[in-house]
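Sequences and hints are given; from them, build the entire structure.
For the record, the sequence lines run as chains A and B. Take the first sequence: its position 228, counting from 1, is numbered 228 in our numbering, and each next residue is one higher. Take the second sequence: its position 430, counting from 1, is numbered 1430 in our numbering, and each next residue is one higher.
Be aware that a few hints might be false.
[To be verified] Derived DSS-like pairs (lysine-lysine); straight-line CA-CA distance at most 25 angstroms:
id, chain 1, residue 1, chain 2, residue 2
1, A, Lys-55, B, Lys-1201
2, B, Lys-1143, B, Lys-1156
3, B, Lys-1202, A, Lys-85
4, B, Lys-1156, A, Lys-173
[Unchecked claim] For each label pair, taking beta carbons as the anchor points, the in silico distance ranges come out as:
id, chain 1, residue 1, chain 2, residue 2, range
5, B, Asp-1282, A, His-165, 46 to 56 angstroms
6, B, Asp-1282, A, Pro-116, 39 to 49 angstroms
7, A, Cys-108, B, Thr-1283, 30 to 40 angstroms
8, A, Leu-22, B, Pro-1356, 52 to 62 angstroms
9, A, Thr-87, B, Thr-1395, 25 to 35 angstroms
10, A, Thr-169, B, Val-1275, 52 to 62 angstroms
11, B, Ala-1118, A, Cys-108, 44 to 54 angstroms
12, B, Arg-1191, A, Cys-108, 51 to 61 angstroms
13, A, Arg-223, B, Thr-1283, 35 to 45 angstroms
14, B, Val-1316, A, Ile-138, 51 to 61 angstroms
15, B, Arg-1485, A, Pro-164, 53 to 63 angstroms
16, A, His-165, B, Thr-1283, 19 to 29 angstroms
These aren't lab readings, by the way, just hints derived from the structure by calculation. Even glycine gets a Cβ: it sits at the ideal position worked out from N, Cα and C.
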Amino acid sequence: MLRRYLLKRLVVAIPSLIIASLIVFTLPRLLPGDAVQLMLEEKAYGKDVDDLRHKLGLDRPIYIQYFAWVGNVLTGNLGESLWTKRTVTEELGMRLPITLLLGGLAICFAIVIAIPIGVLSAVRADTMRDYVARSAAIIGLSVPSFWIATLVIVLPAIWWGWTPHLGFTEFSKSPGAHVLQFILPALILGIASAAGIMRLTRAMLLEVLRQDYVRTAWAKGLREGVVVLKHSLKNALIPVVTILGIQLAQIFSGTVIIESIFQLPGMGRFLFDAILQRDYPVIQGINLLVVSIIVLMNLLVDLLYAVLDPRIRYS
Amino acid sequence: MGHDLSRRDLLKAGGGAFAAAAIGPHLGLHGAIGQTPKRGGTISLRLWDPPHFDPHLTISYKTNILYTFTHSRLLKYKAGPGVSPGSFILEGDLAESWSQPNETTYIFKLRKGVRWHAKPPVNGRELTADDVKYTFDRFVSEKGNAYRSMMAALDKVEVVDKYTVKMTLKEPYVWFLDMVANPMALAIIAREAVEKLGDLKKPEAVIGTGPWMLDGYRPNVGLTFVRNPSYFVPGLPYIDKVEVTVDEDNASRMAAFIAGKYDLGWEASGTINRVDWVQIKDTLKQRRPKLQSLEFASNQMSHIYMRTDKPPFNDVRVRRAISLAFNRQGLLDAVAEGVGVLNPAVPAALKDWAIPVDQLGEGAQYYKFDPARAKKLLAEASYANGFPATLSYATYGSTIQVDSVQLLLKYLKDIGIDAKPIQQEYGAYISTTFYGKYESMAFGPQTPFLDPDNYLFGPYMPNELKNQSHVNDPVLGDLMIRQRRTADVAKRREVLHEIQRHAANQQYYVYAPSGVYIGVWDGALKNYVPNLGYDWGGRLLAAWLDR
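Here it is, written out as structure tokens:
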């Protein structure tokens, strides 16, 4: 049954990916100014623009460019950067692990912070602890992560002439320093997501705690920990897991700024530069990859439902 | 003729040296004078990640700046405490000497024994005249080279012998040597690197004859340069290693600078933006008490341009009214802590060529802020109630640019010109407005060149791509050609002053003021003085670290 469901979902994902490919291919080309104009900027001379456009293959009809690109993608070739001539696959190979590690750690921090606080807030609803937690969540939602990151970097420099680690240490040079450099940016990135997850966890758990079966559990004389963690939390987490899939997309967009602030050479910065330079193959490659990851993660989230609630069946 | 500078210029340059010596004690230059330079050490800089490494396939300053560490040019601009910022004195780099037998011929004698970096495929062979010819030929023939208009006057390059190159121009062009010396363009490259790799885009193609060699490139992270032991000037450079960090976030750069992680200011030419400087200077006094600083006018100049080929901007009274409505000091107060310089058509920063605004003759009056007179002029031009307009611009990712546009809109509104802002994304702006394709008015910066010709010829000559205001003024057209053909520096300066006076009177472009840069460097760095332009490597060539 699960295999059939999985197959069905994968088949449904194909049109999503095709539509996404059309969007990521078309939208950058609808922006005024192309890579050639940006390469030459104000210095275009004679027939330079036309000549360079021809050299880069940008003078072909757009549908031919699209099919050529899709054909290459199906063979695992995402194309070549118009600017650097390096292959997009090679560029992504360097950058994707950095963004994945940053995003993955951010999600982990978000969960580790949000769920315990959300549970505590629900269990101790309308107490001082709940008010503090809810206020903190509102602040977390309201304050942009780049602002927190800026303060975290600038204030220690002004006060003590010290900054957190800025720059990038490769894994091969120092595995410990490599992982450590992600902790602070991931924590900052995770805070905004944590605030949302915490509020949802609290709301869902409060609802579950009012259910009859929970009252029965209390009546049986079970300890608070068992009632909350074993009987209530699992059911309350289903919508939370759903929102995690959405948070992933949010975290990916957040990496663009956080990577810049902490000087991490990830995909976010790469995408940002590519958009400014109208480097179409790079924009297409990154977006297609991100779309694929998000589609896959949402599929995983759907599959997790059954683990959390055995009553859910796939058909 | 060896140089295009007169005795007067040389004396003036000498005066600059005296001036630098006079201000030296305040700049910490005294630390360098009389001390024996020390070899060694690492200097840490914040620079930019290049789009790629082929200087003929990009006009990006990010690539050009890096080439000043690794490559040499035929000529360069003198650097060091003897040169005051804004002055550009030619001297030989790979060329030991040069001469100009007639108006259109230049002969360069190359240094002997100059070796390429010991990297494959060039492997440290000797540089010859063929390399110079190859570089210039590629520069003018490469279709992706947007800077090749800088060599538009060049007709042919001939190898006379192993160490002599002859260049012939199509017509007299007195700025030719400045173009050759310009760090934006003419770094001498190795043929083998292009032939082996197809182009110079990859880091392994960065093989030059410059003072440092590229030792490592980490995309989006940084670069490392190490001293070239075979550099052609014995003993130089003094600094062993240059560590470059790519840092695209201003808060992070500021924090890193306060913490002592960068030895030079993190913005253009090793400066710090004045708004940032005001915020952190007290902290820096505590954290980095030996830091040195020097202020000099910026050559980054923005202007209002307009469709002078059609009403209402074809009426000089309307253009003058716009200039009178422009509160230049108000703009400086809002975006530059009140500090800046007024610009004629040549930025005031190029002090050898710009004319002071109060000497602009009739045109000087239009630099005054006088909205009442502006309204009167509009009324005389039959626009007593003003008129609607548009103002196209790009933000350039700069809050200063956005604030400037907002103020401009207010100033225009105050005299009845109701300009609708049209904000364009950078790519859209460059491909349309920048090339003169806009509705009525636009506002934006110009490329910060080091010579006056690039600020004047394109913007004022009919049919030039950069003639953004659609100027067609025979007087200016004639003056433009004349300044390009006047070899005598004093006479050329007079022609340039005449151009600036005429331009100020006509107000085809309404020039915004420029800020004043704050060059900042670590106290341990000796024999260094900042200047405008991309030549970071040149300015650090004879500098040394006293740590």
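Consistency of the hints with the structure:
1. Lys-55(A) to Lys-1201(B): holds (16 angstroms)
2. Lys-1143(B) to Lys-1156(B): holds (17 angstroms)
3. Lys-1202(B) to Lys-85(A): Cα-Cα ~8 angstroms, so holds.
4. Lys-1156(B) to Lys-173(A): Violated: Lys-1156(B) and Lys-173(A) sit about 51 angstroms apart, past 25 angstroms.
5. Asp-1282(B) to His-165(A): 46 to 56 angstroms: violated (26 angstroms)
6. Asp-1282(B) to Pro-116(A): 39 to 49 angstroms: Check passed, 42 angstroms falls within 39 to 49 angstroms.
7. Cys-108(A) to Thr-1283(B): 30 to 40 angstroms: holds (35 angstroms)
8. Leu-22(A) to Pro-1356(B): 52 to 62 angstroms: Taking Cβ atoms as reference, Leu-22(A) and Pro-1356(B) lie about 59 angstroms apart, which means the hint holds.
9. Thr-87(A) to Thr-1395(B): 25 to 35 angstroms: For Thr-1395(B) against Thr-87(A), whose Cβ atoms are near 32 angstroms apart, the range 25 to 35 angstroms holds.
10. Thr-169(A) to Val-1275(B): 52 to 62 angstroms: At roughly 32 angstroms between Cβ atoms, Val-1275(B) and Thr-169(A) fall outside 52 to 62 angstroms, so the hint is violated.
11. Ala-1118(B) to Cys-108(A): 44 to 54 angstroms: The hint (44 to 54 angstroms, Cβ to Cβ) holds, given that Ala-1118(B) and Cys-108(A) are roughly 48 angstroms apart.
12. Arg-1191(B) to Cys-108(A): 51 to 61 angstroms: holds (53 angstroms)
13. Arg-223(A) to Thr-1283(B): 35 to 45 angstroms: violated (55 angstroms)
14. Val-1316(B) to Ile-138(A): 51 to 61 angstroms: Taking Cβ atoms as reference, Val-1316(B) and Ile-138(A) lie about 59 angstroms apart, which means the hint holds.
15. Arg-1485(B) to Pro-164(A): 53 to 63 angstroms: Cβ of Arg-1485(B) to Cβ of Pro-164(A): about 59 angstroms, so the range 53 to 63 angstroms holds.
16. His-165(A) to Thr-1283(B): 19 to 29 angstroms: About 21 angstroms separates the Cβ atoms of His-165(A) and Thr-1283(B), which means 19 to 29 angstroms holds.
When held up to the earlier numbered hints, the structure conflicts with 4, 5, 10, 13 and fits the remainder.
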